[in-house]
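Okay, here's what each chain looks like letter by letter:
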Amino acid sequence: APEGPKLGRPASPGEIAGQDINVFPDGSGLPPGQGTAREGKPVYDAVCASCHGPAGIGGSAGELAGGGLLTGPHPDKNIGTYWPYATTLFDFIRRSMPLHAPRSLNDDQVYAVTAYLLLINDIIGEREEMNAGTLPRVTMPNRNGFIQVWPEVIVQ
Amino acid sequence: APEGPKLGRPASPGEIAGQDINVFPDGSGLPPGQGTAREGKPVYDAVCASCHGPAGIGGSAGELAGGGLLTGPHPDKNIGTYWPYATTLFDFIRRSMPLHAPRSLNDDQVYAVTAYLLLINDIIGEREEMNAGTLPRVTMPNRNGFIQVWPEVIVQ
Amino acid sequence: GLSFGAGAALVGRPFRASADEPPPWMKTPGEPFTNYGVPSPHEKEAIRWISANSAAPGNGISWTPLHKLEGIVTPNGLHFERHHNGVPQIDPHRHRLLIHGLVENPLSFGVNDLLRYPMVSRLCFVECGGNSNAGWHEEPIQTPVGYFHGLASCSEWTGVPLAIILDEAGLRPDARWLVAEGADAAAMNISIPVEKALDDAVLALYQNGERLRPENGYPLRLIVPGWEAVLSVKWLRRLQAATGPVMARNETAKYTELLPSGKARQFTFVMEAKSIITFPSPGRHLHGPGLYQISGLAWSGRGRIKRVEISADGGRSWAEAALQDPVLPQCFTRFRLPWRWNGAPLVLKSRAVDETGYVQPEREALIAERGRHGYFHYNAIVCWAVAADGSVSHTYG
Amino acid sequence: GLSFGAGAALVGRPFRASADEPPPWMKTPGEPFTNYGVPSPHEKEAIRWISANSAAPGNGISWTPLHKLEGIVTPNGLHFERHHNGVPQIDPHRHRLLIHGLVENPLSFGVNDLLRYPMVSRLCFVECGGNSNAGWHEEPIQTPVGYFHGLASCSEWTGVPLAIILDEAGLRPDARWLVAEGADAAAMNISIPVEKALDDAVLALYQNGERLRPENGYPLRLIVPGWEAVLSVKWLRRLQAATGPVMARNETAKYTELLPSGKARQFTFVMEAKSIITFPSPGRHLHGPGLYQISGLAWSGRGRIKRVEISADGGRSWAEAALQDPVLPQCFTRFRLPWRWNGAPLVLKSRAVDETGYVQPEREALIAERGRHGYFHYNAIVCWAVAADGSVSHTYG
Ligand code: HEC
Ligand code: HEC
Ligand SMILES: [Ca+2]
Ligand SMILES: [Ca+2]
Ligand SMILES: [Ca+2]
Ligand SMILES: [Ca+2]
Ligand SMILES: [Ca+2]
Ligand SMILES: [Ca+2]
Ligand SMILES: [Co+2]
Ligand SMILES: [Co+2]
Numbered sequence: 001a002p003e004g005p006k007l008g009r010p011a012s013p014g015e016i017a018g019q020d021i022n023v024f025p026d027g028s029g030l031p032p033g034q035g036t037a038r039e040g041k042p043v044y045d046a047v048c049a050s051c052h053g054p055a056g057i058g059g060s061a062g063e064l065a066g067g068g069l070l071t072g073p074h075p076d077k078n079i080g081t082y083w084p085y086a087t088t089l090f091d092f093i094r095r096s097m098p099l100h101a102p103r104s105l106n107d108d109q110v111y112a113v114t115a116y117l118l119l120i121n122d123i124i125g126e127r128e129e130m131n132a133g134t135l136p137r138v139t140m141p142n143r144n145g146f147i148q149v150w151p152e153v154i155v156q
Numbered sequence: 001a002p003e004g005p006k007l008g009r010p011a012s013p014g015e016i017a018g019q020d021i022n023v024f025p026d027g028s029g030l031p032p033g034q035g036t037a038r039e040g041k042p043v044y045d046a047v048c049a050s051c052h053g054p055a056g057i058g059g060s061a062g063e064l065a066g067g068g069l070l071t072g073p074h075p076d077k078n079i080g081t082y083w084p085y086a087t088t089l090f091d092f093i094r095r096s097m098p099l100h101a102p103r104s105l106n107d108d109q110v111y112a113v114t115a116y117l118l119l120i121n122d123i124i125g126e127r128e129e130m131n132a133g134t135l136p137r138v139t140m141p142n143r144n145g146f147i148q149v150w151p152e153v154i155v156q
Numbered sequence: 001g002l003s004f005g006a007g008a009a010l011v012g013r014p015f016r017a018s019a020d021e022p023p024p025w026m027k028t029p030g031e032p033f034t035n036y037g038v039p040s041p042h043e044k045e046a047i048r049w050i051s052a053n054s055a056a057p058g059n060g061i062s063w064t065p066l067h068k069l070e071g072i073v074t075p076n077g078l079h080f081e082r083h084h085n086g087v088p089q090i091d092p093h094r095h096r097l098l099i100h101g102l103v104e105n106p107l108s109f110g111v112n113d114l115l116r117y118p119m120v121s122r123l124c125f126v127e128c129g130g131n132s133n134a135g136w137h138e139e140p141i142q143t144p145v146g147y148f149h150g151l152a153s154c155s156e157w158t159g160v161p162l163a164i165i166l167d168e169a170g171l172r173p174d175a176r177w178l179v180a181e182g183a184d185a186a187a188m189n190i191s192i193p194v195e196k197a198l199d200d201a202v203l204a205l206y207q208n209g210e211r212l213r214p215e216n217g218y219p220l221r222l223i224v225p226g227w228e229a230v231l232s233v234k235w236l237r238r239l240q241a242a243t244g245p246v247m248a249r250n251e252t253a254k255y256t257e258l259l260p261s262g263k264a265r266q267f268t269f270v271m272e273a274k275s276i277i278t279f280p281s282p283g284r285h286l287h288g289p290g291l292y293q294i295s296g297l298a299w300s301g302r303g304r305i306k307r308v309e310i311s312a313d314g315g316r317s318w319a320e321a322a323l324q325d326p327v328l329p330q331c332f333t334r335f336r337l338p339w340r341w342n343g344a345p346l347v348l349k350s351r352a353v354d355e356t357g358y359v360q361p362e363r364e365a366l367i368a369e370r371g372r373h374g375y376f377h378y379n380a381i382v383c384w385a386v387a388a389d390g391s392v393s394h395t396y397g
Numbered sequence: 001g002l003s004f005g006a007g008a009a010l011v012g013r014p015f016r017a018s019a020d021e022p023p024p025w026m027k028t029p030g031e032p033f034t035n036y037g038v039p040s041p042h043e044k045e046a047i048r049w050i051s052a053n054s055a056a057p058g059n060g061i062s063w064t065p066l067h068k069l070e071g072i073v074t075p076n077g078l079h080f081e082r083h084h085n086g087v088p089q090i091d092p093h094r095h096r097l098l099i100h101g102l103v104e105n106p107l108s109f110g111v112n113d114l115l116r117y118p119m120v121s122r123l124c125f126v127e128c129g130g131n132s133n134a135g136w137h138e139e140p141i142q143t144p145v146g147y148f149h150g151l152a153s154c155s156e157w158t159g160v161p162l163a164i165i166l167d168e169a170g171l172r173p174d175a176r177w178l179v180a181e182g183a184d185a186a187a188m189n190i191s192i193p194v195e196k197a198l199d200d201a202v203l204a205l206y207q208n209g210e211r212l213r214p215e216n217g218y219p220l221r222l223i224v225p226g227w228e229a230v231l232s233v234k235w236l237r238r239l240q241a242a243t244g245p246v247m248a249r250n251e252t253a254k255y256t257e258l259l260p261s262g263k264a265r266q267f268t269f270v271m272e273a274k275s276i277i278t279f280p281s282p283g284r285h286l287h288g289p290g291l292y293q294i295s296g297l298a299w300s301g302r303g304r305i306k307r308v309e310i311s312a313d314g315g316r317s318w319a320e321a322a323l324q325d326p327v328l329p330q331c332f333t334r335f336r337l338p339w340r341w342n343g344a345p346l347v348l349k350s351r352a353v354d355e356t357g358y359v360q361p362e363r364e365a366l367i368a369e370r371g372r373h374g375y376f377h378y379n380a381i382v383c384w385a386v387a388a389d390g391s392v393s394h395t396y397g
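Residue numbers (my numbering), protein chains in the order written: chain G, 1 to 156; chain H, 1 to 156; chain P, 1 to 397; chain C, 1 to 397.
Computed list of lysine to aspartate or glutamate pairs in EDC-like fashion (alpha-carbon distance at most 16 Å, straight line):
#	chain 1	residue 1	chain 2	residue 2
1	H	Lys6	C	Asp167
2	G	Lys41	G	Glu128
3	P	Lys254	G	Asp76
4	P	Lys306	P	Glu355
5	C	Lys254	H	Asp76
6	C	Lys44	P	Asp91
7	C	Lys263	H	Asp76
8	G	Lys6	P	Glu104
9	P	Lys44	C	Asp91
10	P	Lys263	G	Asp76
11	P	Lys254	G	Glu63
Which stretches of chain G does chain C cover? Using the computed rule of at least three CB atoms under 8 Å from a CB of chain C, they are:
#	segment
12	1-8
13	101-111
Calculated from the structure, these hints are not laboratory results. Even glycine gets a Cβ: it sits at the ideal position worked out from N, Cα and C.
The whole structure should be built from the sequences, with the hints applied where relevant.
Spelled out as C-alpha cells, the structure:
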C-alpha cells in the first residue's frame, strides 16, 4: 500500500471499549450483566411483540421462533432451526433492536430478552441465567449447519 | 456505420421550408421581404434598444456598433469591426432576437432592423433596401479578417 | 412604412412568415440556471421502486430502474438502496472511523483526515446478494427488468485504499477478519476476510464525482468490489480486526444459502457472472417486425466480462454481442447486438462468460445445484418471451 | 426482577451500559427511502456557480465545482451549463429531428424512433471554448478552481452514432458541412464539418445512464467529442447538410480568437490538452507540513492523455503523476502524486502531454502565440502559489 499521512489519532482503551459492541462466538465482547427468560418475557412483550408477535410468531417482522425443518418444500429458517450461535442474538439485539428505539435496552435487558428468545426456541430453560460466561456455551441446534464457501476450499 | 432501422419519415419540401431558417453567406435561405434602416429604426427603438442601448451603444447586452480597432491594447469587436457577413445578422436576429420574444418579428422587420444595424455601423445608407438580393452583396469591413484553422491547413 | 409595437398595425406591406410556427419553447426565454439540476418532468417514471416494511418505512429496499437506463453508469439519484433501519442523516464533523482489535496501533480518523489520504477511483458495480431472487419463485415474475434485477448499480467510487489505513494501524499476524460496522440505527456489522480488505477494498468518500449520497453511506462507505453488497458497509464507523468472523446476524441468519440437504452455504461473497437483456424486456416491447438493437448489462464479481452470447431461439443457437469499451473488472459491461425480428414469437436469452471462464448457468442447472430455497445469489440465465404482438414477458423458457 | 416500559423503574440490578452513548442517528430510525435521491444537506457548497445576465436570467453560464469533486465523472446535477436564452422545457412527444439540405432523403425522426437505433456509449468531456478564459486576464483570478476551469464536465454519453442517420439520409458528395440547430429560444445554430460528424459525433439520448437533463439538451443533444462544446448542440432539432458553413453568429462573432495582428482564428474546434491541480488549490489549503496527495484532472480533445508532470518548484523540476485507469480518449483523466510539503512557500504546476505528443504550453508561450485578446481556447499551464501558512492562491508564476 502507498504511504499515508498518518493522521489517525491513537484510540485509547476506554474510547474503544465505549464503542465496541461486537460479540464473538467465543463470548469475547460480551459485557457484564445477566438475565433470564423469565426476566426477558416482560421486556419482549413490552417492546418486541408488537412487531415479532406474541412469543415470536405472527408479527409483521420475521418470526423468531416456531421450529420446523430446514429441508423439504417449505423450509423454516428461524433462530431455533437456523442460527448457529447464541452470541449473535445478543450482538444483534443490542445493536439493532427494538427497531423503533435501538440502544434503548440496557445490557441486562438484552441478556434477558436473549434468554427469552432461546427459551421460546426450546434451547434453554426459563431460569437459566444468560451472562458473559453462559451465553457462549449455549449450543444452538444448527451449530454445524454451515458450509464455509470462502476461502474457496469447501469444508463440509 | 452500422445499419439503422430506417424509421425516419420522409420530410416534404413544405415541411422543410417551414422549419429552415438558416441563412448562408451566399443569401440562400433568405426569405422574401425587404426593409430599410429608416424602417428599422423604430423597430430597433421599440424592441432592441432596451438591452442594446440607443443606436447600439451602452446597453446591458453586447454593443452592436461603435467602431474601433481590432488591434492594440483594447480591441473593439462588434458588427462593424468584426462580423464577416451581413447575412449572419439576418440569420441571428430572426432566430434569437429580441431575447424576451424570439420569432416575434416578421421577415420585413428583420430585414429592416438588419439594415438599421448596418447603417449605424456605417456600412449602408439609410434608404438602401435590404432583401434576399441585396443583403448577401453587402461587403462587411472585416470580410477577410478570418484565418480558417480547420482543417488543419492554415489558409491566410 | 413599417411599424412595430403593442397594438401597432403593420402598415403598407403584408406580414410575411417564411417559417412555420415554432414550438412554444422557442418563442419565450427558457428556465433559469440551477445550482443543482434535476431530471426532466417528462421522465417521472425513471425512479427507484420502493419496497419497504409498512410498519418500518426505513426497512426494505429500493430498485434501480435498469429498464430506463443505458450505458453503464447509474446516476446517484437512482442507485439502489438497502436499509435495515433507514438513512441516517450524519453530520460529517461528528463522524469518525475507529480501527481496533488485533492491530498494533488502534486509530481513530475524522472524515477530513481521510480526505487527505491517497485515493483511487474505480468504476464498479455494487450488487445486493439478494438481487434477482424472484428467479427462485415457482412462477416467473412479471415486472420491468429493473424491479427484478435492479438491486445492482454501477458507479465510479473514489476513496482511500483500505490497505493504507490497515498498514498504519499495523495488522497483527493473527488478524484474519475485519468486522465492519455502520453508524446507522441498525449499527449493521459484518465480517470481511483480511485478504480481500488488503487487496482492493476502498474507504469510499465520493460516488460519481461528488461526495457520497446519504442513502449510499455518506460520509464514508466501505466498497468491497465484486462481493455481495452487504459487505460494502455504509456509514462506516468501525473496523475491528479479529481472528475469526463475528458471526453477525447478516452473515448467519441472512446472506447464507440453504441447500436442499438442510446445510447452508456461508461466506458466499463473490457475485457470480450475470447478464440481463434490458431491451427488449417486459414493458419495453417491439413495434412490429424489423431491425432492433438488443441491449443489456453483464457483470461478474470475479473480474472482466469476456463474452456475452445471445440466443433468439430459446438457446438452440447463440450469437456473440458487442461489448462496449471499456470493459472493466467487477463493472457493469454494456452489450449490444443488432437483431432483425420477423414477427414470430420466440424466446430471447443472454449468457455471460467472465475472464475466469465461468459461464452463467441455466436456471435448471442452478436449481439442480442449489435447490430452490437459497434466496441469495441467483444468477441464472434470464429468458424473455417475445409474443407475436411484440409484447415481452418473463418465462422460464 | 427487571422491568421495562415508559416510566417503569429498573428494579434490582443497576443500569449497565457497556458502551458510550452512540450518536443520535444510531438511536432512532433513519429517513425513509426516496424515489430519486439528492445530496446530503451537509454538502450545500457543492453547487454550480451561476453567472447569468441580470437582465436575462437564462443567458449566461454555470460552473461545475471541480474543486468539490474527485474521480472523473461529473454527476448530472453539476454538469456545467451555457445557455443563450434559458432551458427549454421540451415535451419529448413534440420534439423531432429534421435532416435536410444536401441529402438524398430528407428525413424527420421522433425521439422514440431514435431510441430504437443502434447506440454507443462513451465517457468523454464536454468543454466550453470559453473555459478557463480568466487566464487571459492581466491579474490572476482568485477563485476556487471549478469557478475558473469548470466550464468542463465529463459524463458517459449514450446515443446513436450520427453516421447511421446520415447514412440513411444519404449525404450527397458535395455536402461538406452540417448546420445543427437547437430547439431553445435562441434556436442556436452552428456548422460542423461532415468529416467529424461521420467520425465520432453522437445523437445523445442518455447522460450517465439516465435520459438527458433539461439543461443538457433533453431530449436530444449532439455530442461532438473533444471539440468545443458550442458544437455539441443541445435540444437538437435540425441538421442541414450544405457545401459550406452557415457562418452563424456563434462561429464568426463568437468562438473565434482575435490575434494581435487583427486577424482572427476561425473554426478552432479542438480543445487542446489541459491540466489543472484540484488539490491543493485556492480554498483547498494545506494544514501544515507533511504528506499530501496532489490530485487533478487532465484532458485533451486530440485523444488520450499520455503523461501529466507536476512541478513543485515553479517549473525547474518535474515529476510524473500516476494516471488513474482507464485512460480514455477525449475524457477527463484523474492524475495523482504523493507529495511531502516541508512548509516552505513554493509554486505548484501541472503539465499535460497527450498521445499526439502535444505539450500543454506555458502561459507566456500561449500569449506569445495568440496575444491576450483571443478570449477562447485558453489552455496554458496553471500555477498555484502555496504560502507558508498553507494557503493557496493563483499566480502567473
Ligand atoms: C418496530 C418493529 C420492531 C420491533 C419493535 C422489534 N423488531 Fe426485531 N426486527 C424488526 C425488523 C423489521 C427486523 C428485520 C431487520 C432487517 O431487515 O435487518 C427485525 C429483526 C429482528 C431479529 C432478526 C431476525 C432474523 O431472523 O434475522 C431479531 C432476533 C429481532 N428482531 C429481535 C427483536 C427483539 C428482541 C426486539 C425487542 C427488544 C425487537 N426485535 C423489536 C422489527 C422490529
Ligand atoms: C431582453 C434583452 C435583449 C433584447 C430586447 C434584445 N437583445 Fe439582442 N442580445 C441580448 C443578449 C443577452 C445577447 C447575447 C446573446 C448570447 O449570449 O448568445 C444579444 C445578442 C445580440 C446580437 C449579437 C451580438 C454579438 O456581438 O454577437 C445581435 C446582433 C442582437 N442581439 C440584436 C438584437 C436586435 C436586433 C434586437 C431587437 C430586435 C435585440 N437584439 C433585442 C439581449 C437582448
Ligand atoms: Ca465493550
Ligand atoms: Ca415458521
Ligand atoms: Ca424557408
Ligand atoms: Ca466599443
Ligand atoms: Ca453471502
Ligand atoms: Ca472556435
Ligand atoms: Co409502445
Ligand atoms: Co482548513
